[in-house]
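Chains as they are written, first to last, in this note's numbering: chain A, 1 to 205; chain B, 1 to 252.
No lab work stands behind these hints: they were computed from the structure.
C-beta: ideal position from N, C-alpha, C; glycine also.
Some hints here could point you the wrong way.
Okay, the calculated beta carbon distance ranges per label pair [as the list claims (entries may be wrong)]: (1) PRO252/B x GLY204/A: 38 to 48 Å; (2) SER61/B x GLY116/A: 35 to 45 Å; (3) GLU15/B x GLU170/A: 45 to 55 Å; (4) GLU213/B x GLY116/A: 15 to 25 Å; (5) SER150/A x ARG94/B: 40 to 50 Å; (6) ASP179/A x HIS138/B: 38 to 48 Å; (7) SER61/B x LEU22/A: 26 to 36 Å.
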Amino acid sequence: MICVVDYGRGNLFSIGRALDVLGLDYFVSHDPDAVAASSRVILPGVGAFGDAMAKIRELDMLDPLHEIARRGDQIVGICLGAQMLATRSLEFGDHAGLDLIPGEVRRLPDPVDPSGTRIPNIGWRCVEACNGYDMLGQLGHEPYFYFVHSFGVQCADPIDVLGSIIVNGEEIPAIIGCDNIYGFQFHPEKSGAVGLSLLAKTFGI
Amino acid sequence: MSDVRVIARLDIKSENVIKGIHLEGLRVVGKPGELAHKYYSEGVDELLFMDVVASLYERNSILPIVQDAARDIFVPMTVGGGIRTLDDIKAVLRSGADKVAINTAATNRPEFLTEAAETFGSQCIVLSVEAIKRGQGHWEVMTDNGREKTGRNVIEWISEAESRGIGEVLITSVDTEGTENGFDIDLIQSVARATTVPVIACGGAGTADHIAEVIEATKVSALACASILHYNKCDLATIKRRLRDLGCAVRP
Numbered sequence: 001m002i003c004v005v006d007y008g009r010g011n012l013f014s015i016g017r018a019l020d021v022l023g024l025d026y027f028v029s030h031d032p033d034a035v036a037a038s039s040r041v042i043l044p045g046v047g048a049f050g051d052a053m054a055k056i057r058e059l060d061m062l063d064p065l066h067e068i069a070r071r072g073d074q075i076v077g078i079c080l081g082a083q084m085l086a087t088r089s090l091e092f093g094d095h096a097g098l099d100l101i102p103g104e105v106r107r108l109p110d111p112v113d114p115s116g117t118r119i120p121n122i123g124w125r126c127v128e129a130c131n132g133y134d135m136l137g138q139l140g141h142e143p144y145f146y147f148v149h150s151f152g153v154q155c156a157d158p159i160d161v162l163g164s165i166i167v168n169g170e171e172i173p174a175i176i177g178c179d180n181i182y183g184f185q186f187h188p189e190k191s192g193a194v195g196l197s198l199l200a201k202t203f204g205i
Numbered sequence: 001m002s003d004v005r006v007i008a009r010l011d012i013k014s015e016n017v018i019k020g021i022h023l024e025g026l027r028v029v030g031k032p033g034e035l036a037h038k039y040y041s042e043g044v045d046e047l048l049f050m051d052v053v054a055s056l057y058e059r060n061s062i063l064p065i066v067q068d069a070a071r072d073i074f075v076p077m078t079v080g081g082g083i084r085t086l087d088d089i090k091a092v093l094r095s096g097a098d099k100v101a102i103n104t105a106a107t108n109r110p111e112f113l114t115e116a117a118e119t120f121g122s123q124c125i126v127l128s129v130e131a132i133k134r135g136q137g138h139w140e141v142m143t144d145n146g147r148e149k150t151g152r153n154v155i156e157w158i159s160e161a162e163s164r165g166i167g168e169v170l171i172t173s174v175d176t177e178g179t180e181n182g183f184d185i186d187l188i189q190s191v192a193r194a195t196t197v198p199v200i201a202c203g204g205a206g207t208a209d210h211i212a213e214v215i216e217a218t219k220v221s222a223l224a225c226a227s228i229l230h231y232n233k234c235d236l237a238t239i240k241r242r243l244r245d246l247g248c249a250v251r252p
């Protein structure tokens, strides 16, 4: 059973529908005990980093998430949820993150010419696998995923970058991972059949 | 060449997808669910649902349509038409949409854009602009499907909206919309230069050549297509092949 953490800042409808279609059992919860008892957790997220982390703290969700990570159980962060796995974020200030994957969230580089990528980076980008991450090769399609973000995680240890895209000449992590903690900067639940397939493989089906 | 998204635009009136010319003279072209699924299966990159009568009657009838589509369509969805309050935005996002397109409510009260961006994040706030040409290099912002004048200059309005935190601009030329005679390249070019956020060009696509022209000339991030798809002038695969031939990175 997958637990989708509901802290009021996620697109729960679409994530729920994706899990339904994949036949994955899940429940949505804002109860820290229920989250702590789960072995597979999705941390969604849309909006601003500082505000989202404040909600996580308000709901006493910090300890449960750290406990899950300590046990070696699975956490999958999506978009802002992926950024929240990092140590800190420089979005509108300086905010502490969950620090499950060491790194810093910084603004994406601006384009240097008219054909560059405008920020926010909105659209479908082809993700290149890094550090032997082999899921992308198993999806049966070119790994194009839907991104919508102005900030990205800079991992402290390059080994934690499992997939990347190039934004205005700079390599930006698209998939980060450390032990059983994964973060997708894109929205697999909005990335068509490829995204659904990646979710299925991440949860072992 | 950069990445380009191809968006299918579905203008909704009560339970139908309709299409007009210059946003008027509306004709029924299909059912929202059927067209949305068709374009999804053909590889559309995003869906744009516009409630074309919502501003007029101050009501929102589009939510069940969006919710139904979001049940088994897994690409981003943007919803516009009659978005007036933060609660409207919340309801749309809860229905499975990812972004909202705001026009009338923003021209009435620009602070609404600031409030929306601060509450939901810039990434989900699209400024929708309906433009009519008033002279060389001069376009007026219109509302209510090109019927109501605002007196605002399109380029100045977009600059102001950007400073209020919008994440994207949807620019629709009322002059070319529905004509299938090509985009107003001057307008799209001027808008692209006036803002740093991604621009979605809309209005006038009738052939893959029109799409190639606007992308080459303006380097916009996305195209919103209606007639060209609804009337089967050209399918998504052909449009995308053409964009790939231009060197754009396009999702297959």
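Hint check, failures only: 1, 5, 6
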